[in-house]
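Student: Numbering (numbering that gives the first Met the number 0), first residue to last: 0 to 387.
Worth double-checking, as some hints may not be accurate.
[Said to hold, decoys possible] Distance ranges between label pairs, derived from CB positions:
| # | residue 1 | residue 2 | range |
| --- | --- | --- | --- |
| 1 | 1 | 288 | 43 to 51 Å |
| 2 | 10 | 286 | 57 to 65 Å |
| 3 | 133 | 351 | 28 to 36 Å |
These are calculated hints, taken from the structure and not from any lab test. Please read these numbers as outputs of a predicted model, since none were measured by experiment. Here a beta-carbon is modelled for each residue, glycine too, at the ideal position from N, C-alpha and C.
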Amino acid sequence: MAPYLAAFPAEISVETDLRHARAFLKSYSQSPSTFKNYRGYLERLILWSWIVQSKSVLDLTRTDAEAFLAFNVAPPQSWVGASAMRRFAPKDGLLMFNPRWRPFGVKIEKADRKRAAEAHVKPVASQKKQGSGSTDLIYSVACSFYDFLLQDGMDIASPFKSIKRVKGKRGKPKIKALTTLQWDYLVGEAETMANEDPKHERTLFIVVALFAMYLRVGDLSGRDDWLPTMNSFFKRNGSWWFEVVGKGNKEREITVKDAFIPYLKRYRESLNMSPLPTKADDAPLLYTSHGRPNLTARQIRNIVQPVFDRARSRMQADGQPEDECQELMEVTLHWLRHTGATFDAKFRDAKHLQMDLGHESLSTTQDIYYNAINQERSASNRGSIRGR
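Using the sequences provided together with the hints, build the complete structure.
Tutor: Okay, here's the thing in structure tokens:
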């Protein structure tokens, strides 16, 4: 990195900018997700300031700030990578800057990757403009950075604070969930796979757990300082619960529906365990195919993907609607969480669903899941006034 920094003119004070950026990011080091996002956006600001404006971030004006926000909406192709790349790559025992890394990355949709793989061609990414939500986040991070500098004793005014942001009208969030038909085929294939080969009892367990308890993949793979164990399931007052440390390192207890218990039993029995766990059963919840404890999020995705593929093939063979078959190419594990919650929202109290989902706000749960119920309620009210 030193040779790269040395290439900038001394008047830009790149070392000073980096020192302030590191101090700002250090304050978020306890939250890996926030740190990662803030680092990416601040990195863009600093590089843009040095390369495009040829000035320190401490010297940016309101006009510069407006230009930076516009730059983020439509960055030049030279700043955009076709996929996510590591900033640094190992070389000769050292971490060296990766020349293929770019500040912006274009995500290739899963369905596009699947189609390309089936056609034996390289997937093509189409550059998309940043959504308003992303622009708002960039603006927020930039404001936070300059507020940090001010609170740290610097005599500096934020070039972003004076920009009036006009908030666009935000529509109802659109969730990605399976239809009843798709879910029936999916769970049916998972059960068939488990019946054909005991190793797929783990596959079936993962699929049904994500659906039945509205889990994020991290609730099964664990996090830096927490891993799920068998006694994450526990019984209290006659009801079963599942305890996780979820998004933002927040602990929550999730109710376990009675219909899930048979799947828990058959999974444990496939591991030669008793049907149900005890409080002392601290064995890892998931194992690799070689018996090593715990699975990464990537491993879990790879385990479940064949179920999606088989369900799609079976639907096509049975002559089901092609649009529903093709949609299974887009399915990710997170769809299972949304599917379970969408199905159950018709029967559950919104507050109870919110608590099991781990949403901070009840309005989030209502906006996402109960809006769908309102649509069904409206669609069902089609009776005529006369001639019934």
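Student: For each hint, tell me whether it holds in the structure or not.
Tutor: Here's how the hints hold up against the structure:
{"no.": "1", "hint": "1 / 288: 43 to 51 Å", "verdict": "holds (45 Å)"}
{"no.": "2", "hint": "10 / 286: 57 to 65 Å", "verdict": "holds (58 Å)"}
{"no.": "3", "hint": "133 / 351: 28 to 36 Å", "verdict": "holds (33 Å)"}
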